[in-house]
Each structure stands twice: as structure tokens, then as C-alpha cells.
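Protein chains in written order, with UniProt numbering: chain B, 1 to 446; chain C, 1 to 142; chain G, 1 to 150.
Check the hints yourself; a few may be wrong.
Claimed, not checked - In silico DMTMM-like pairs for lysine to aspartate or glutamate, Cα to Cα no more than 20 Å straight-line:
{"hint": "1", "chain 1": "C", "residue 1": "Lys-120", "chain 2": "G", "residue 2": "Glu-23"}
{"hint": "2", "chain 1": "B", "residue 1": "Lys-63", "chain 2": "G", "residue 2": "Glu-23"}
{"hint": "3", "chain 1": "C", "residue 1": "Lys-124", "chain 2": "G", "residue 2": "Asp-121"}
{"hint": "4", "chain 1": "G", "residue 1": "Lys-114", "chain 2": "G", "residue 2": "Glu-82"}
{"hint": "5", "chain 1": "C", "residue 1": "Lys-109", "chain 2": "C", "residue 2": "Asp-98"}
{"hint": "6", "chain 1": "C", "residue 1": "Lys-3", "chain 2": "G", "residue 2": "Asp-128"}
{"hint": "7", "chain 1": "C", "residue 1": "Lys-121", "chain 2": "G", "residue 2": "Asp-41"}
{"hint": "8", "chain 1": "C", "residue 1": "Lys-120", "chain 2": "G", "residue 2": "Glu-138"}
{"hint": "9", "chain 1": "G", "residue 1": "Lys-2", "chain 2": "C", "residue 2": "Asp-98"}
{"hint": "10", "chain 1": "G", "residue 1": "Lys-53", "chain 2": "B", "residue 2": "Glu-416"}
{"hint": "11", "chain 1": "G", "residue 1": "Lys-119", "chain 2": "G", "residue 2": "Glu-23"}
{"hint": "12", "chain 1": "B", "residue 1": "Lys-341", "chain 2": "B", "residue 2": "Glu-416"}
{"hint": "13", "chain 1": "G", "residue 1": "Lys-113", "chain 2": "G", "residue 2": "Asp-41"}
Claimed, not checked - Which residues of chain B face chain C? A partial, calculated answer using Cβ under 10 Å:
{"hint": "14", "residue": "Asp-94"}
{"hint": "15", "residue": "Leu-97"}
{"hint": "16", "residue": "Lys-173"}
In short, the hints are calculated from the structure, not lab data. Beta carbons: idealized from backbone N, C-alpha and C, even for Gly.
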Amino acid sequence: MSVQDDNISQKSCAGCGEEKEIAPGIGHALKKITATENLVRVAQLSCGAEYSGIQDEIDSAAKQVNAIMVYPEIDIADVESIEEEFGLKVASPDLRLMMARAKSIVTGKVHVDAVFVATCFRCAEAAIVRSEVRRYIHEKTGIPVISYSFTERTTAATLLTRMEALTTTARRKSLLAREKQTGLTAGIDSGSTTTKAIIMKDNVIIGKGWVPTIKVIESAEEAFNNAMKEAGITRSDIQALGTTGYGRFLIGEHLKADLMQEEITVNSKGAVYLADKQKGVATVLDIGGMDNKAISVTDGIPGMFTMGGICAGASGRFLEMTAKRLGVSITELGSLALKGKASNVKMNSYCIVFGIQSLVNSLAGGSTPEDVAAAACHSVAEQLFEQQLQEVDVKEPVIMVGGTALIEGLPKAVEELLKVKVIVPPNAQYIGAVGAALLASGFINK
Amino acid sequence: MEKITKMIVINSSKLLPSDVAMKLYETKDDIIVKETCFGIMVSGERAILDPLLANIRKLDPYGIFIKERGFAPGEPFRCRATRRGGARPGFHNLETEDKILPHIAAALKALDRGDIPGPKKQTKKLDIDKLKAIIKETEVSK
Amino acid sequence: MKVFIYPTNSLILYDMVERFGHEPLAIMQEIGKKVRSQGLDSPPMNITPEDPKFGLKYAAVEVPAGVRGRMSLLDPLLTKAEAAIIVNDPVISFGCMGCARTNELVNFLLRGKKIPILKLDYPSTEEDAKLFVYKISEFLKSLKPAEENK
Numbered sequence: 001m002s003v004q005d006d007n008i009s010q011k012s013c014a015g016c017g018e019e020k021e022i023a024p025g026i027g028h029a030l031k032k033i034t035a036t037e038n039l040v041r042v043a044q045l046s047c048g049a050e051y052s053g054i055q056d057e058i059d060s061a062a063k064q065v066n067a068i069m070v071y072p073e074i075d076i077a078d079v080e081s082i083e084e085e086f087g088l089k090v091a092s093p094d095l096r097l098m099m100a101r102a103k104s105i106v107t108g109k110v111h112v113d114a115v116f117v118a119t120c121f122r123c124a125e126a127a128i129v130r131s132e133v134r135r136y137i138h139e140k141t142g143i144p145v146i147s148y149s150f151t152e153r154t155t156a157a158t159l160l161t162r163m164e165a166l167t168t169t170a171r172r173k174s175l176l177a178r179e180k181q182t183g184l185t186a187g188i189d190s191g192s193t194t195t196k197a198i199i200m201k202d203n204v205i206i207g208k209g210w211v212p213t214i215k216v217i218e219s220a221e222e223a224f225n226n227a228m229k230e231a232g233i234t235r236s237d238i239q240a241l242g243t244t245g246y247g248r249f250l251i252g253e254h255l256k257a258d259l260m261q262e263e264i265t266v267n268s269k270g271a272v273y274l275a276d277k278q279k280g281v282a283t284v285l286d287i288g289g290m291d292n293k294a295i296s297v298t299d300g301i302p303g304m305f306t307m308g309g310i311c312a313g314a315s316g317r318f319l320e321m322t323a324k325r326l327g328v329s330i331t332e333l334g335s336l337a338l339k340g341k342a343s344n345v346k347m348n349s350y351c352i353v354f355g356i357q358s359l360v361n362s363l364a365g366g367s368t369p370e371d372v373a374a375a376a377c378h379s380v381a382e383q384l385f386e387q388q389l390q391e392v393d394v395k396e397p398v399i400m401v402g403g404t405a406l407i408e409g410l411p412k413a414v415e416e417l418l419k420v421k422v423i424v425p426p427n428a429q430y431i432g433a434v435g436a437a438l439l440a441s442g443f444i445n446k
Numbered sequence: 001m002e003k004i005t006k007m008i009v010i011n012s013s014k015l016l017p018s019d020v021a022m023k024l025y026e027t028k029d030d031i032i033v034k035e036t037c038f039g040i041m042v043s044g045e046r047a048i049l050d051p052l053l054a055n056i057r058k059l060d061p062y063g064i065f066i067k068e069r070g071f072a073p074g075e076p077f078r079c080r081a082t083r084r085g086g087a088r089p090g091f092h093n094l095e096t097e098d099k100i101l102p103h104i105a106a107a108l109k110a111l112d113r114g115d116i117p118g119p120k121k122q123t124k125k126l127d128i129d130k131l132k133a134i135i136k137e138t139e140v141s142k
Numbered sequence: 001m002k003v004f005i006y007p008t009n010s011l012i013l014y015d016m017v018e019r020f021g022h023e024p025l026a027i028m029q030e031i032g033k034k035v036r037s038q039g040l041d042s043p044p045m046n047i048t049p050e051d052p053k054f055g056l057k058y059a060a061v062e063v064p065a066g067v068r069g070r071m072s073l074l075d076p077l078l079t080k081a082e083a084a085i086i087v088n089d090p091v092i093s094f095g096c097m098g099c100a101r102t103n104e105l106v107n108f109l110l111r112g113k114k115i116p117i118l119k120l121d122y123p124s125t126e127e128d129a130k131l132f133v134y135k136i137s138e139f140l141k142s143l144k145p146a147e148e149n150k
């Protein structure tokens with residue numbers, strides 16, 4: 001059995017462990033911010049959460065964003081008839097209960113602000129119900145829904161970003177409905193590898209800044225200043241500022257931002273905005289330098305998503321290391337890959353340690369740099385598929401964003417693997433900053 | 001000693017939950033009694049509860065049904081009032097089983113009378129020749 | 001004798017087994033132990049993320065955590081079972097009985113134990129109920145009484 005076969009049966013690799021907390025100490029900052037916001041009633045539609053021992057983790061994540069989990073009331077007759085009404089026959093009664101509870105929400109029998117749909121990871125029956133329940137509630141009510149598949153290793157920290165995205169959607173519905181940027185606004189995306197800043201005026205990007213993240217505040221100021229310089233404006237001209245990414249709270253408080261928002265909500269909005277696909281479903285693949293996300297989006301609002309920290313083999317870091325070994329810049333790697341053929345290089349693993357070893361060995365064996373570059377892109381695409389897309393439906397259009405989207409070989413490898421057309425919108429690397437600038441324009445008149 | 005909770009479901013024309021509760025109070029045993037919508041919940045040591053409830057059952061053997069319950073009465077994580085909405089998972093099961101308790105009571109009476117029920121009627125699949133004839137008839141009548 | 005009942009939370013089956021002089025093995029007993037054993041660390045049922053690991057003896061990591069967590073609750077009952085009464089088409093029940101995969105596995109494991117098993121259909125009429133109760137009473141009479149077994 002090859003190493004990649006082993007990876008299929010694991011949710012995370014032994015070296016990397018569980019999904020990481022998005023930013024250390026984020027819970028504390030969130031608590032400070034959400035304490036003053038309205039309490040959000042989140043309906044929990046789940047199967048297996050109590051028996052996986054994670055109910056307390058769900059409750060604790062909800063508490064941190066000032067939300068409470070509620071269980072919609074049903075009649076036993078609803079459960080008996082739900083399969084016929086819903087059109088989906090399932091063997092597990094708890095899944096029927098999920099569908100009946102969804103119906104209670106749709107018919108207005110219970111009032112909730114948001115819905116959290118969760119079932120066990122690797123349960124096929126539950127995955128189908130989860131996806132259909134999410135769609136049903138979204139289509140019939142417009143109430144924000146987020147879904148998740150858990151294992152016993154799911155922690156409150158993992159759930160926190162999801163709860164934050166869900167409660168944000170519930171609290172800021174009108175803000176997220178915004179499809180055009182207005183006035184003069186700025187967005188800063190403080191990422192783990194790079195910091196990006198964008199200045200927008202009347203729905204047009206007029207300034208950009210892009211610097212490696214060294215010290216969070218200094219890097220943000222530098223990127224922001226670069227963008228303002230390009231736009232020919234000063235700080236006092238800016239009517240509203242939005243921040244996102246790992247350092248959003250730190251730079252947000254420092255620069256007195258109007259909006260500090262997690263990147264799932266912001267990037268979903270930014271991706272469909274840049275790709276001009278704001279209505280309907282879409283899949284956003286965001287592969288950054290060290291972080292990656294796969295988000296299933298409906299009308300610009302995130303539904304199901306997986307996020308990074310699972311495997312470095314699915315990140316831009318893998319490509320960076322390959323470029324270094326080939327002696328080319330990361331920007332040259334993409335065009336090199338387009339000229340090569342991945343299948344000419346035998347890879348025993350997609351892991352960042354053993355996979356790179358395979359590439360080095362094949363170079364020693366006479367493989368061309370073009371083939372090795374293509375194999376590296378193929379490797380990242382494979383690992384994205386194995387690690388990130390296990391829980392997310394791939395519905396077209398598939399929009400690829402983040403710094404790695406510009407390495408042409410990667411979107412091509414993803415297209416080949418997923419058998420879909422991949423859209424890389426202009427300014428794909430500024431996705432978070434654009435999304436933040438767009439959403440920030442909702443604060444101008446406040 | 002292990003302290004457990006048992007549920008007494010009452011499906012009787014002779015007894016009210018309050019009658020059973022009174023009988024339980026009369027025993028002066030160290031137990032906690034709580035009336036609910038379907039009967040009574042009693043908590044206490046297993047060694048006290050089991051013989052006590054065996055006697056309680058005698059009040060109406062066909063109208064009293066007993067099972068153990070995991071949670072103690074009024075447990076806030078399970079009580080509908082404090083768990084924000086829907087009933088605990090086991091409630092709907094109890095609700096459904098409660099509907100056939102009159103049938104079970106009748107069956108227990110029949111058993112005590114010594115009745116031996118006949119085998120269940122098996123429905124066989126329709127004979128293929130009969131089905132063919134029906135198809136033919138339907139075609140002709142069209 | 002210790003009689004496993006399926007559905008494992010059934011009022012009627014629990015009552016019948018006890019009424020006819022045997023010891024019912026029901027999931028509520030295990031939940032009770034969990035809830036009472038210590039401070040409620042992991043509400044509502046005190047099942048912690050460690051519990052699905054006890055289910056690994058029945059199914060590998062590839063099997064959902066909810067199945068393994070339920071199996072960890074059922075494990076002591078399956079181990080103790082000396083006989084079993086199984087209702088083929090039980091009424092809809094949730095929670096412990098809410099996962100079809102767990103229920104299939106439990107039925108499979110009971111068969112493998114080579115213990116006396118009574119299989120029945122859920123009654124819907126009074127006539128059905130008479131046969132249901134009669135079969136249960138005959139089955140339980142055929143087993144050694146609980147006292148003799150101690």
C-alpha cells in the first residue's frame with residue numbers, strides 16, 4: 001500500500017494532528033466583541049454528536065459567540081411522514097429526526113436565527129441528508145445554515161470559526177447581501193504568510209499592497225501604506241476599513257477598523273464578487289501560503305467548509321519548496337509546470353516531507369524541471385482533494401483564489417483532477433482584502 | 001449502594017398516577033417520587049426499588065408498565081423545559097409504545113386466562129396465473 | 001437470566017422480561033451509570049471524546065465516531081447477554097437507537113454469541129399483541145430463572 005492510500009483513511013496526518021485553532025487567543029478577542037451583540041438562537045440538527053462526546057464542544061463554541069443551541073420541537077407524526085414529504089428514505093431514525101426538525105423550521109413552527117447541521121464524518125447516509133437539509137432550509141427560508149462532519153477529535157476551537165461565520169451571517173444579513181462596493185473603503189487581510197491591502201472606490205480597485213507577514217501590525221501598516229500610495233490617498237480619505245485573516249483583531253483594533261471578520265465569510269464574498277458569480281451555488285478553493293480552505297457557497301454565503309492546518313502537502317508551502325529546489329521563483333514555477341507532464345514523475349507520497357523527497361529523487365533520476373514542477377502542482381491538487389474536499393460538494397462554478405491560484409500549473413492540475421472548469425478571477429491573491437473592502441462599505445453611513 | 005430511577009407508565013382505568021404516588025409515599029422508604037404526564041418516576045436504591053415496584057405492579061398488573069431510566073427526575077440536560085425545545089430522544093419512543101399498551105394489557109389478560117393465540121396470518125404473494133388473468137381482464141375492459 | 005432487549009430502550013420489552021422473572025439488559029442502565037459516576041464533565045450524557053475509542057474493539061477508526069460511541073455504551077450489555085429478544089421492525093426511536101449502522105452491528109453481534117434469541121414483529125393489532133406476548137412468555141419460561149443463575 002502506498003503512503004497516499006493510507007492518507008485517505010485519515011482525517012489528519014500524524015505529523016500535523018487535528019485542525020488547528022485559527023489564531024491563538026482568538027476566542028478571547030471574540031468574546032470581547034460578541035458580548036455586546038444579540039444572542040443568536042442556533043437550531044442544532046445533528047446525528048451522533050452526543051455519542052461522539054462532542055456535544056459539550058458544540059455548546060462551548062456557541063457560547064463564545066453569544067449563541068445558544070436549540071432543538072426544534074416535532075410531533076412523532078412528522079417523523080413518520082417526513083420521508084415521503086422530503087423524498088429521501090433513510091435507515092437511521094436520527095436522520096429522519098433531522099429532516100423533521102428541518103421541516104419544523106421551514107414551516108415556522110419554531111423560530112431560530114441560524115441552523116447548524118452536523119453528522120458523523122464518514123457516514124455516507126448522513127452526508128446525503130446533511131447536504132439536502134442544508135439546501136432545503138436555505139431555499140425555503142433563507143435562514144443561514146452551516147454544516148459540519150465531526151469525529152471524536154472535533155474541539156470547540158475547530159467549531160469556533162464555523163459558529164463565528166454562522167452567527168455573523170445571522171446578525172449581518174443585510175451587510176452580506178451587498179453586491180457592490182460603494183464610496184472609498186479599504187480592506188486588509190492579515191494572513192499567515194503575507195499581508196494584503198486593497199483600496200476600492202465606487203466598485204473599482206484603485207490601490208494594492210502585498211508584503212510578507214513578519215510583524216503583524218508593522219506588515220499591515222506597510223501593505224496599507226503601499227496601497228494608499230498607489231491610490232494617491234491618505235488615511236483620512238478612507239470612509240470605512242475592514243480587516244480579516246489571522247491578525248484581524250490585532251490590526252483591526254490598532255487601525256480602528258469598522259469591521260473585523262473571519263476569512264470564511266469575507267473570502268466567500270470576495271471570491272463570488274471577483275468572479276462575478278454572486279448568485280447561486282459556487283465552490284471556493286482558497287490555497288494560501290500555509291493555510292487553505294474549501295468552501296461551499298450559496299448566494300455568496302458560506303455553507304459547508306473545511307479549512308487548513310490539516311496537511312502542509314495541500315498548501316503553497318509545498319510549491320515554494322519545490323521552486324526553491326528547482327532554483328526558480330515561485331511565480332516562474334506555474335508556467336514551468338504548464339510545459340511539463342506530471343505522470344512522468346513517480347511520486348510515492350503527497351506529504352511535504354516524503355513528497356519533496358520523491359521529486360528530488362526523480363530529478364536525480366533525470367526528470368526535467370518542467371515535469372517536476374507539473375508533478376508538484378499535481379501533488380498539491382491531490383492532497384487538496386484528499387484532505388479538504390472530503391466534506392465539501394464540488395458544485396460549479398469552482399473559483400480558485402489565494403496566492404497559489406496564480407501558479408498556473410495548480411488550477412490546471414485541479415481541473416484535471418476534479419473534472420471541472422476552474423475559474424481564477426483577477427486579483428485572486430487579494431481575495432480577503434477585496435472582500436473586506438466590499439463589506440466595509442456597508443459601514444459608511446453608520 | 002447504586003441509586004437508580006425507574007419509570008412507571010400507567011395505562012389503567014382503575015388507577016391514577018396520584019394513586020400510585022400515594023402508595024409509594026405510604027411506604028416511607030428512602031425514595032424520591034415525581035409525577036409526570038405518563039405516570040410516575042421513582043428514584044432510590046435498586047435493592048429498595050425492585051421489590052417495592054414489584055408490589056406496586058400488583059395494584060393493576062395489566063395497567064402498570066415499568067422500565068429503568070438513565071437520568072434522574074428533572075435532570076436539566078434532559079428536561080424539555082431546560083434543554084431549549086424538543087423532547088429528549090427517548091420520549092418519542094415512549095410516546096409510540098404507549099399507544100399499544102392497551103393491546104399489550106389485553107394480551108397479558110389473555111395469557112393469564114390460558115389462551116393460546118393462533119399463528120399469525122401470513123400473506124402470500126399472488127399466484128402468477130391469477131395475476132396474468134387480472135392483467136388480461138384489465139386489457140379486455142379497456 | 002440476563003436478557004438483552006432490542007430496541008435497547010423499549011418499555012414493553014423491559015417490562016416483559018422483568019415481569020416474567022428475568023433480568024433485562026437495557027441501555028438506560030448504562031446511561032445511568034455514566035450520568036451518576038462522576039461530575040457531569042461532558043453533558044448531557046457524560047460521554048466524552050474518549051468513549052468512541054472503547055468502541056474500537058467492534059469497528060475500526062474508519063467507522064463513524066457516533067457508531068463507536070454508541071457501541072461503547074452497548075458493550076457491557078452485549079458482554080453480559082445470556083439471551084436476547086429482538087423486535088425486527090421496532091417503532092421509530094432516537095438517540096441510542098437512532099443510528100441504523102449501530103443497530104445492524106448489534107444484531108450481527110448477538111447472532112454471533114450463540115445465545116437463545118427470540119425474533120418478533122412489532123404488534124399493530126390486539127391479535128398481533130396476543131401472539132407477541134405469548135411468544136415472549138414462552139421464550140422466557142424456557143430460560144433458567146434469574147435467581148437460579150446467580
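Tested hints:
With a CA separation close to 28 Å, the supplied pair C:Lys-120 and G:Glu-23 exceeds the 20 Å bound. Proximity of B:Lys-63 to G:Glu-23 is assessed by CA-CA distance (about 43 Å); at most 20 Å being required, the pair is judged violated. Under the criterion of a C-alpha separation no larger than 20 Å, the hint pairing C:Lys-124 with G:Asp-121 is consistent with the structure, at around 17 Å. A hinted pair counts as satisfied when its Cα atoms are at most 20 Å apart, and G:Lys-114 with G:Glu-82 qualifies at roughly 9 Å.
Restraint check for C:Lys-109 and C:Asp-98: the C-alpha separation of about 17 Å stays at or below 20 Å, so the hint holds. Straight-line distance between C-alpha atoms of C:Lys-3 and G:Asp-128 comes to about 37 Å, which puts the hinted pair past the 20 Å bound. Between C:Lys-121 and G:Asp-41, the direct Cα distance comes to roughly 52 Å. Violation of the 20 Å bound is thereby established for this hinted pair. This hinted pair checks out: C:Lys-120 and G:Glu-138 have alpha carbons roughly 16 Å apart, not beyond 20 Å.
This hinted pair does not check out: G:Lys-2 and C:Asp-98 have alpha carbons roughly 25 Å apart, beyond 20 Å. For the hint linking G:Lys-53 to B:Glu-416, the alpha-carbon distance of about 38 Å lies beyond 20 Å, and the restraint is violated. For the suggested pair G:Lys-119 and G:Glu-23, the alpha carbons sit about 18 Å apart, so the restraint of at most 20 Å is met. Distance hint between B:Lys-341 and B:Glu-416 is fulfilled; the C-alpha atoms sit about 12 Å from each other, no more than 20 Å.
About 34 Å separates the Cα atoms of G:Lys-113 and G:Asp-41, which puts this hinted pair outside 20 Å; it is violated. A distance limit of 10 Å between C-beta atoms decides the matter here; for B:Asp-94 the minimum to chain C is near 8 Å, and the interface restraint holds. Contact between B:Leu-97 and chain C, as hinted, is supported at the beta carbon level, the nearest pair being about 8 Å apart and thus within 10 Å. Annotation: B:Lys-173 was flagged as interfacial toward chain C, and the flag is violated, the nearest CB pair being 23 Å apart, outside 10 Å.
When held up to the earlier numbered hints, the structure conflicts with 1, 2, 6, 7, 9, 10, 13 and 16 and fits the remainder.
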